[in-house]
Amino acid sequence: MTKKFAKEVSIAVAEAVAQCKVDVISAYPITPQTHIVEHLAELVNNGELDAEYIPVESEHAAMSACIGAAATGARTFTSTSAQGLLLMYETLFIASGMRLPIVMALVNRSVSAPISIWNDHSDVMSMRDAGWIHFFAENGQQAVDLIYHAYKVAEKTLLPVAVNIDGFILSHVVEPVTFLDQNLLDKYLPPLKIKYKLDPKNPITIGAIGVPEIYTEAKKAQDEALKASYKIILQAWKDFEKLTGRKYLPVETYQMEDAEVAIVIMGSLAENAMNAVDILRAKGKKVGVVRIRLWRPFPTKDFLKAIGKVKTLCVVDRAVSHGATGGPVGIEVRSALYQSNKRPRVLNLIAGLSGRDVTKEDFVEIFEKTFETLTKKPTTPYEIYGVKE
Amino acid sequence: MPKDQGLISWKELAPGMYILEPGNSKKFKTGDWRAFRPVLDKDKCIKCGMCYILCPDICYQQDQDGFFICNLFYCKGCGICAANCPKKAITMVLEEE
Ligand code: SF4
Ligand code: SF4
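Top line first, the protein sequences correspond to chains U and L. Using my numbering, the first residue of the first sequence is number 1, and each one after it goes up by one. Using my numbering, the first residue of the second sequence is number 1, and each one after it goes up by one.
None of these hints come from the bench; they were simulated from the model. Be aware that one or more of the hints could be misleading.
[Said to hold, decoys possible] Calculated lysine-lysine pairs in the DSS-like style (CA-CA distance at most 25 angstroms, straight line):
| hint | chain 1 | residue 1 | chain 2 | residue 2 |
| --- | --- | --- | --- | --- |
| 1 | L | K11 | U | K231 |
| 2 | L | K11 | U | K227 |
| 3 | L | K11 | U | K220 |
| 4 | L | K76 | L | K44 |
| 5 | L | K27 | U | K197 |
| 6 | U | K195 | L | K11 |
| 7 | U | K219 | L | K29 |
| 8 | L | K26 | U | K201 |
| 9 | U | K311 | U | K376 |
| 10 | U | K305 | U | K227 |
| 11 | U | K231 | U | K193 |
| 12 | U | K283 | U | K311 |
| 13 | U | K247 | U | K301 |
| 14 | U | K156 | L | K26 |
| 15 | L | K11 | U | K219 |
| 16 | U | K311 | U | K377 |
| 17 | U | K21 | U | K242 |
| 18 | L | K26 | U | K197 |
| 19 | L | K27 | U | K201 |
Hey, can you work out the whole structure from these sequences and the hints?
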């Protein structure tokens with residue numbers, strides 16, 4: 001029996017990173033991510049983790065340090081949130097374009113203005129197209145497990161991976177967590193060996209100019225690598241299931257077998273939505289939840305399979321895409337549907353901005369609202385849920 | 001189909017477009033960026049080497065007679081050599097002429 005610990009999720013994430021035997025950590029503190037890197041700094045300082053901790057002057061420098069370290073073949077880690085992520089923005093594309101297996105815990109927080117330290121997904125959605133692999137955790141155990149998976153996947157695909165963890169709602173709560181036995185983890189995650197790296201004995205050029213005659217080909221290769229990562233991710237999850245019995249899928253479902261309407265959601269609020277399903281199922285309502293675990297590369301096929309024969313999908317977004325035709329997940333879902341013959345109605349709500357609670361009672365109401373669309377088409381492409389008029 | 005403008009198939013690129021052959025920039029012809037070509041007047045040249053020092057592409061090499069000769073495979077035609085030659089021995093001539 002593996003031991004369970006009561007841990008603040010941030011601390012648990014830091015310990016999982018330490019278990020992965022990272023070589024270089026570079027980060028700049030920002031709420032709500034701070035506890036993760038603070039704890040790692042402590043572990044390094046106490047001699048419990050043999051890693052280089054590079055304190056930097058900004059997140060731009062943090063990611064740059066990770067890029068430099070990863071280019072020499074080091075296992076790297078960083079963590080950030082909101083404004084920190086935006087300050088890092090330029091280098092995010094460089095990490096993926098240069099195919100560097102960096103792992104980041106992205107503790108999701110609203111982007112200013114107005115200033116907010118609370119949780120939503122406006123930070124991660126801004127880097128949607130940056131070429132990173134994205135996982136979304138719903139609880140502490142998943143946050144820990146996804147860190148293990150992130151290294152496995154990053155190093156096999158040569159792509160950076162972000163593990164998205166809802167700020168405060170998840171990062172600052174104490175949850176029961178099981179850590180993978182170190183021996184098993186060492187087998188799951190062998191020391192990093194990279195074929196092409198910066199090595200004076202074998203000089204290569206990385207980060208070269210991509211003239212018009214080659215940039216297109218470089219982007220095509222990068223895009224194919226991200227698509228090909230799908231199979232590697234699936235394999236990493238299968239291998240992990242064999243070790244622990246804990247199953248991970250690109251799209252996970254709850255009570256979807258006979259669902260008439262369903263909520264599509266990412267992150268920790270999925271658990272509240274599932275509680276609402278229990279309440280409504282007890283009253284005989286056929287409702288379910290579709291939880292997107294893998295956001296990039298978007299698992300279209302899994303998604304289309306997961307929605308079964310629902311009549312309406314209610315996509316609950318956690319970010320506004322100003323001026324767009326929906327929230328970021330709503331847009332993605334509509335686009336995925338257009339690739340199939342399935343035509344459920346799509347109700348797109350933007351909820352839980354800046355840490356505003358979306359309780360199980362709210363989700364019951366959202367389900368009721370979704371049922372209304374069975375007879376009445378939604379009148380707007382998306383709406384902001386719970387806004388005071 | 002648009003005209004094939006690619007240099008190499010995407011399938012043949014190293015990951016991250018890494019360049020695995022050290023020093024291969026020597027093979028990269030930058031001469032076709034040029035609009036103006038530097039032309040040397042040996043009668044005026046005092047072999048001071050300012051052009052050699054200042055050329056950002058390190059195009060100049062000294063010949064047996066001590067003159068600095070520009071390698072047009074690399075010369076981008078920036079005109080820095082001509083502008084700094086103390087004897088105005090270098091003239092920039094439009095390529096078409
Ligand atoms: S700078 Fe002018 S004078 Fe000096 S070597 Fe070059 S061409 Fe000759
Ligand atoms: S024109 Fe510019 S590139 Fe060409 S030889 Fe002169 S300094 Fe060098």
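Hints versus structure:
For the suggested pair K11(L) and K231(U), the alpha carbons sit about 19 angstroms apart, so the restraint of at most 25 angstroms is met. With a C-alpha separation of about 14 angstroms, the suggested pairing of K11(L) with K227(U) holds against the 25 angstroms cut-off. Of the supplied pair hints, the one linking K11(L) and K220(U) holds, its CA atoms being roughly 9 angstroms apart against a limit of 25 angstroms. Pair hint K76(L) plus K44(L) holds up; C-alpha atoms about 23 angstroms apart against a cutoff of 25 angstroms.
Proximity of K27(L) to K197(U) is assessed by CA-CA distance (about 23 angstroms); at most 25 angstroms being required, the pair is judged to hold. Between K195(U) and K11(L), the direct Cα distance comes to roughly 17 angstroms. Compliance with the 25 angstroms bound is thereby established for this hinted pair. Distance check on the hinted pair: K219(U) and K29(L) sit about 23 angstroms apart at the alpha-carbon level, within 25 angstroms; holds. For the suggested pair K26(L) and K201(U), the alpha carbons sit about 20 angstroms apart, so the restraint of at most 25 angstroms is met.
At most 25 angstroms may separate the alpha-carbon atoms for a hinted pair to count; K311(U) and K376(U) meet this at roughly 12 angstroms. For the hint pairing K305(U) with K227(U), the CA-to-CA distance comes to about 18 angstroms; that is within 25 angstroms, so the pair holds. A C-alpha spacing of about 20 angstroms is found between K231(U) and K193(U), which places the hinted pair at or below 25 angstroms, so the restraint holds. A C-alpha spacing of about 19 angstroms is found between K283(U) and K311(U), which places the hinted pair at or below 25 angstroms, so the restraint holds.
The straight-line distance between the Cα atoms of K247(U) and K301(U) is roughly 18 angstroms, inside the 25 angstroms bound, and the hint therefore holds. Taking the CA atoms of K156(U) and K26(L), the gap is about 33 angstroms. The hint is violated against a cut of 25 angstroms. With a CA separation close to 11 angstroms, the supplied pair K11(L) and K219(U) stays within the 25 angstroms bound. Among the hinted pairs, K311(U) with K377(U) is consistent with the structure: their alpha-carbon atoms are about 11 angstroms apart, no more than 25 angstroms.
For the given pair, K21(U) sits about 22 angstroms from K242(U) by alpha-carbon distance, which is consistent with the 25 angstroms threshold. Note on K26(L) and K197(U): the hinted pairing holds, with a Cα-Cα distance of about 22 angstroms set against a maximum of 25 angstroms. The suggested pairing of K27(L) with K201(U) holds, with an alpha-carbon distance near 22 angstroms, which does not exceed 25 angstroms.
When each numbered hint is compared with the structure, a violation occurs for hint 14 only.
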